[in-house]
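Protein sequence lines, in the order shown, are assigned to chains A and B.
Residues in the first sequence are numbered from 959 upward in steps of one, following my numbering.
Residues in the second sequence are numbered from 959 upward in steps of one, following my numbering.
Some hints could be false.
No copy is singled out in the list; a pair is fine if it fits within one copy or between any two copies.
[Claimed, not checked] 20 Å max Cα-Cα, derived SDA-like pairs, lysine to any residue:
#, residue 1, residue 2
1, K1138, T1148
2, K1087, E1045
3, K1087, N1039
4, K1087, A971
5, K1139, G1018
6, K1203, S1141
7, K1053, Y972
8, K1087, A1044
9, K1053, T1079
10, K1087, F1073
11, K1138, R1187
12, K1087, E1197
13, K1139, W1202
14, K1178, W1075
15, K1087, Y972
16, K1203, G1140
17, K1203, M1144
18, K1087, R1017
19, K1027, C1089
20, K1087, P1043
21, K1138, I1071
22, K1027, F1059
Just so you know, these hints were derived from the structure itself, not from any lab.
Note that this is a predicted model, so its numbers are computed, not measured.
Spelled out from the first residue to the last, the chains are:
Number of protein chains: 2
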Amino acid sequence: MPRYVAEVSYEGAYFSGWQLQRGLVTVQGVFEDALTLLNGGEHVSVAGAGRTDAGVHARGQVCTFDLKKDWNPRRLILALNANLPAETNAVRLVKAPCEDFHARFDAISREYIYFIWNASTIYPAIRSKVCWLRANAYDWERARRACLFLEGEHDFGAFCRSGNEPEDSVRTIYRSCLRKKGSLIMLRVTGSGFLTNMMRIIMGSLECVARGKKEPEWIKSLLEKKSKRPDCGRTFPPEGLFLWKINYSPPPWNSH
Amino acid sequence: MPRYVAEVSYEGAYFSGWQLQRGLVTVQGVFEDALTLLNGGEHVSVAGAGRTDAGVHARGQVCTFDLKKDWNPRRLILALNANLPAETNAVRLVKAPCEDFHARFDAISREYIYFIWNASTIYPAIRSKVCWLRANAYDWERARRACLFLEGEHDFGAFCRSGNEPEDSVRTIYRSCLRKKGSLIMLRVTGSGFLTNMMRIIMGSLECVARGKKEPEWIKSLLEKKSKRPDCGRTFPPEGLFLWKINYSPPPWNSH
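Input sequences plus hints: build the corresponding full structure.
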């Protein structure tokens, strides 16, 4: 059975997250339905590189799946997209570089971007893609310095939704970078993996620093001590979060 | 009666254009309704800098209007936005620099951007904001050279929807510039004024050049000879077009 790799983009607001759930519209669900149709009705399972929560967007989620037939990838991506709702699309699709290539287990890192719009007014065109903070009370330079403490190998257990902590909550953050361009604030984090709600709790904690309620070094202390979820900031809303990119070494995209 | 100037952004898909039309949702209509409410029920007329067609977006439309009361502009913009649908917003609002300041007659130039996405696949997030061309048959460098012929004072009568030609169809284009960044093509045109559908017919004519059906110099000939609408290219769809900016000298925005 030939295996395929697809890069997938979606509008978070339309879906109850990535993962299959009975009775709900999920991205994995609409992909499995569309691919099963192309597979002559035989069920196709789709493995995603990461689970995104309800409302979270993706620019570059990655998934792998097997089909009975040997497809030309350029024909397959068109046939697949024709069977998907407009709110999600495969943007790239290739044959897997090897038969056991796996979207999740072969990923070497994941990149997320959280977008904030900090101004009293907003452009309607971006409203569903950012977290809109109206108040004029943020010092984002403080948050920029604070986010650097995330880099390295740390126990991120405190930055995980209560009850969803895995046995091992140690993750490595390769790069954490906050930029401000006019009213737009972008937090880009690249890591080995992310816990449930991790990016959104990181953003909520950086907000405490930006508002002057905490010092930048407080972020460091949340990672060093045996901190718990309630010690961190609030969980930011899903609509500002994008799963931006999944990295592989080598990238599968030009292997065919 | 104090006069105000507002910069207005909207999602084209939601409106039947800028201009008031009975029984249809228009941007001018929802602004007049919202402002009339704030004016104690006394009707407020709103003058826009330019009319946009149904489906055309605006980043920076500008309008002027008079209210009975003397408002603090910072309070007025919040009250106004609270009474508008999410698909449109005032993004800036100030008192007019003089009592006869007029959004349309005082404008010295207008800027439009037409966005094209030229690739076999698309990100769902941008789908409603671009014209999506799937074919791999365009040479945008040819269109870039062609669009330079638009600069200067010309009779744009051929680039106007049939039946909508004004008596004087001479306009000045101060700058015309086509850029390509990956799969995204942006045509930015700044001019003294624009005829009905002018940007969309320009885009359709540049498409003929990009596809190799016409030479770049053909654009020049459409402006020099007594050309007619059917001599030009097709009218591009409204969803790729943004009214980007209206220019005033001096800009009214920091006068108060």
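Hint-by-hint comparison with the structure:
In this homomeric assembly, K1138 and T1148 come within 20 Å of each other (Cα to Cα) only inside a single copy, at 18 Å, whereas the closest approach across copies is 28 Å. With identical chains, the CA atoms of K1087 and E1045 are at most 20 Å apart both within one copy (13 Å) and between copies (14 Å). For the identical chains of this complex, K1087 and N1039 are inter-copy neighbours only, at 19 Å across copies versus 23 Å inside a copy, given an alpha-carbon limit of 20 Å. Taking CA atoms no more than 20 Å apart as the test, K1087 paired with A971 passes in both settings, with 9 Å inside one copy and 17 Å between copies.
Proximity of K1139 to G1018 under the C-alpha cut-off of 20 Å is restricted to the inter-copy arrangement: shortest distance 18 Å between copies versus 23 Å within a copy. For the homomeric pair K1203 and S1141, the shortest alpha-carbon distance between copies (18 Å) is at most 20 Å, but the shortest distance inside one copy (24 Å) is not. In this assembly of identical chains, K1053 and Y972 lie within 20 Å of each other by CA distance neither inside one copy nor across copies; the values are 28 Å within and 40 Å between. Both within a single protomer and between protomers do K1087 and A1044 lie at most 20 Å apart by alpha-carbon distance, with minima of 17 Å and 13 Å respectively.
For the homomeric pair K1053 and T1079, the shortest alpha-carbon distance between copies (17 Å) is at most 20 Å, but the shortest distance inside one copy (46 Å) is not. Taking the closest pair of Cα atoms, K1087 and F1073 come within 20 Å of each other both inside a single copy (7 Å) and across two copies (19 Å). In this assembly of identical chains, the alpha carbons of K1138 and R1187 never lie at most 20 Å apart, being 27 Å within a copy and 46 Å across copies at closest. Taking CA atoms no more than 20 Å apart as the test, K1087 paired with E1197 passes in both settings, with 6 Å inside one copy and 19 Å between copies.
Taking CA atoms no more than 20 Å apart as the test, K1139 paired with W1202 passes in both settings, with 19 Å inside one copy and 19 Å between copies. When the C-alpha separation of K1178 and W1075 is checked against a cutoff of 20 Å, the pair qualifies neither within a copy, at 26 Å, nor between copies, at 43 Å. In this assembly of identical chains, the alpha carbons of K1087 and Y972 lie at most 20 Å apart whether taken from the same copy (12 Å) or from different copies (18 Å). When the C-alpha separation of K1203 and G1140 is checked against a cutoff of 20 Å, the pair qualifies only between copies, where the shortest distance is 17 Å, while the shortest distance within a copy is 24 Å.
Taking identical chains as interchangeable, the C-alpha atoms of K1203 and M1144 lie at most 20 Å apart only when both belong to the same chain, with a minimum of 15 Å there against 25 Å between chains. Taking identical chains as interchangeable, the C-alpha atoms of K1087 and R1017 lie at most 20 Å apart whether they share a chain (12 Å) or sit on different chains (16 Å). With identical chains, the CA atoms of K1027 and C1089 are never at most 20 Å apart, being 43 Å at best within one copy and 34 Å at best between copies. In this assembly of identical chains, K1087 and P1043 lie within 20 Å of each other by CA distance both inside one copy and across copies; the values are 19 Å within and 17 Å between.
When the C-alpha separation of K1138 and I1071 is checked against a cutoff of 20 Å, the pair qualifies only within one copy, where the shortest distance is 13 Å, while the shortest distance between copies is 24 Å. Taking CA atoms no more than 20 Å apart as the test, K1027 paired with F1059 passes inside one copy only; the shortest distance there is 18 Å, against 68 Å between copies.
Violated hints, listed in ascending order, are 7, 11, 14, 19; each of the other numbered hints is respected by the structure.
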